[in-house]
Amino acid sequence: MSDPSPPPDGAPGRAPDRAPGRARTGTPGRAAALAQPLAGLRRPAVLAGAAGFLVLLALPFYLGAFWLQTGLFAMSAAIGAIGLNLLTGATGQLSMGHAFFLAVGAYGYVYLASDSGPHLAGLGLPTPLAFLGAIVLAGAAGGLFSPIAGRLRGTYLGIASLALIFIGQHVLFNAGSLTGGFNGRDVPPLRLPGLAFDDSPGLVLFDVPLGALERLWFLGLALLVPAAWTARGVLRGRPGRALNTIRDREVAAAVMGVPVARYRAGVFVLSSMYAGAAGALLALVFRRTVPEYFGMFLSLDYLAMIVIGGLGTAAGAVAGAVFVSALPQLLTRYGDDLPLVAAPGSGGVSPAEASRILYGAAVVAVVLFLPGGLLGLWSRLRAAATPRRGPRRPVPRLDEEEQPA
Amino acid sequence: MNGANSVDGANGLTVTGLTVRFAGLTALDGVSFTVAPGTVHALIGPNGAGKSTCFNVLSGVYRAAAGSVRFGGGELTGLAPHRIAALGVARTFQNIALSGRQTVEDNLMLGRHRLTRAGFASAGLRLPRARREDARHRARVREIARFVGVDEHLGAPAGTLPYGAQKRVELARALAMEPSLLLLDEPVAGMDGGERRRMAEVVLAARADLDMTVLLVEHDMGMVMRLADRVTVLDFGRRIADGPPGEVQRDPAVVRAYLGGAAARGTAESDAHDAHDAHDSAEGGKGGEPG
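Protein chains in written order, with full-length UniProt numbering: chain A, 1 to 405; chain B, 1 to 291.
It is worth saying that the hints were derived from the structure and are not from the lab. All C-beta atoms, glycine included, are put in the ideal place defined by N, C-alpha and C. Worth double-checking, as some hints may not be accurate.
[Said to hold, decoys possible] Covered stretches of chain B (in silico footprint by chain A; criterion: 3 or more residues with CB under 8 Å from a CB of chain A, positions within the stretch not fixed):
no., region
1, 56-63
2, 82-88
3, 99-109
Using the sequences and the hints given, assemble the complete structure.
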């Protein structure tokens with residue numbers, strides 16, 4: 001450390017501009033300097049994104065119910081994982097309580113949208129309003145916990161938030177008129193004006209009849225895309241820099257003017273709202289909410305998603321969510337052909353257990369070999385495939401410096 | 001708002017009777033000094049003298065047990081760090097405290113935090129207001145990076161830079177706050193001669209251009225003599241000298257604190273301090289040898 005290799009900036013040609021106060025009015029070259037890297041980076045990424053989105057839009061016309069359901073689980077998980085990645089990946093605040101906020105979203109939607117019956121309470125709100133209400137409820141629940149979330153750091157918050165799981169499970173099993181108790185509640189389908197997200201006949205597009213899953217697929221996309229886009233904006237903007245610095249150097253963040261507790265509380269509320277949206281979407285896909293689903297294992301699944309996918313980015317959360325939520329589905333489907341995986345209840349390793357073991361191994365592998373997760377692997381592969389492009393000039397040189405091997 | 005302090009020119013710092021205790025240890029014991037607006041003031045002393053503790057109180061990281069810190073007409077003790085930052089107090093850290101995974105540019109943009117407004121909603125939705133703000137401040141941050149000489153590293157993760165460059169990024173981040181009071185904690189520790197000279201030039205130029213007051217902790221006496229208008233010397237949490245650099249350098253108490261027992265015997269001061277001085281020499285020896 002004490003003997004730094006002399007950086008090349010001692011070169012005589014690079015006399016620094018000695019007047020930061022003077023140039024405040026603007027220099028002519030600035031606009032060009034700003035536009036250049038953006039134009040270089042944006043184009044292919046935008047094209048690839050648009051193509052991917054079109055493929056996703058076309059998929060329900062070709063896929064069967066199994067794949068649609070798998071995809072919908074993945075989309076819901078992706079929204080929830082983005083929320084957790086804002087909190088845990090970007091801010092370094094561990095949360096074991098994510099499943100609790102998913103439950104608030106799922107049950108909140110059911111409660112707000114259902115009509116009040118003899119045994120079950122409900123508000124009977126229009127379902128789109130109930131969906132938004134579920135997100136707000138989850139945010140409010142996060143807000144109630146945020147005085148704690150703002151004051152506790154990292155793993156300490158993880159331990160405190162564990163309490164939420166137990167409180168949540170207790171309420172879900174025992175507040176019968178609200179939650180339906182052990183048996184859970186039926187989920188009223190979402191109804192937009194002119195479009196109901198259920199199996200009502202009559203919606204045929206390109207000669208393909210669109211049932212509930214196909215319609216929900218589009219709903220899922222309509223939720224996931226803005227959710228990811230917003231999270232990306234937050235992470236790349238002023239709040240994201242503050243959150244990342246709280247994670248990396250808490251004292252420095254505070255000294256640079258970041259109100260640390262307020263940001264921790266704020267990101268906790270935001271993450272809860274993402275979980276609420278994920279929970280409400282999940283309820284719509286399941287069509288029934290059951291309490292034991294929202295236990296500690298769900299929270300652990302979400303942590304596995306962001307670790308496997310890549311900490312701190314929306315794209316990493318999506319990648320991890322697809323991996324972790326598709327794995328048990330695939331094992332259930334193709335379990336017959338795999339050794340050691342038995343049908344549920346037959347005594348062997350069930351697909352759910354097998355998938356937990358598998359992505360437990362995946363978490364270990366990622367931590368040991370892929371610090372950036374699936375996303376990090378992807379960008380490493382891409383860097384290897386396209387050697388040295390213009391705008392990223394300084395990075396490769398520094399990489400070499402970092403890894404002398 | 002509080003930002004008014006940075007324009008009225010009254011950005012002098014007055015520290016009075018500052019005392020900090022950590023469970024049984026008195027790290028600062030009634031320290032007082034005054035930093036005139038627009039000057040460079042150095043805080044020196046052997047390791048463990050309480051310089052960094054003093055910085056941590058000034059920036060709100062530690063709470064003072066007693067005493068007051070007044071800056072630009074307001075009281076700083078008792079304020080949270082981000083409120084002190086909002087008054088225009090910036091600092092660098094002795095042990096680099098950059099966010100290693102973020103790019104240099106993002107690290108510098110964090111310095112703009114107090115000057116910008118975009119929140120979760122406006123950044124998430126990319127409202128025009130947030131985008132304009134971002135572009136404007138990015139342009140300014142690039143100027144500052146050029147000024148400090150780290151512009152070629154803007155796109156690199158801060159953690160991958162060599163040590164000297166990271167030190168300069170820290171300074172740039174502090175300057176990005178457009179501070180009226182800049183606290184520099186050993187800005188040239190571990191740098192070679194050329195880097196030190198360049199750092200001194202940057203600090204002086206920045207002070208002149210931005211109308212800042214600078215408080216500097218430094219072990220490198222050459223650097224202190226070159227930069228400082230006035231010097232306060234601490235030893236074991238107490239102020240032992242205060243004055244212009246040339247005067248302080250010749251002060252027998254300072255010589256004793258830095259050179260320890262040998263010098264003390266030479267100047268034949270009171271016996272009562274001998275044990276204390278012997279301890280000093282061990283600590284001071286390390287402290288006087290920067291990097």
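Quick rundown of the hints versus the structure:
no., hint, in the structure
1, 56-63, "holds (count 3)"
2, 82-88, "holds (count 4)"
3, 99-109, "holds (count 7)"
Hint compliance for this structure: no hint is broken.
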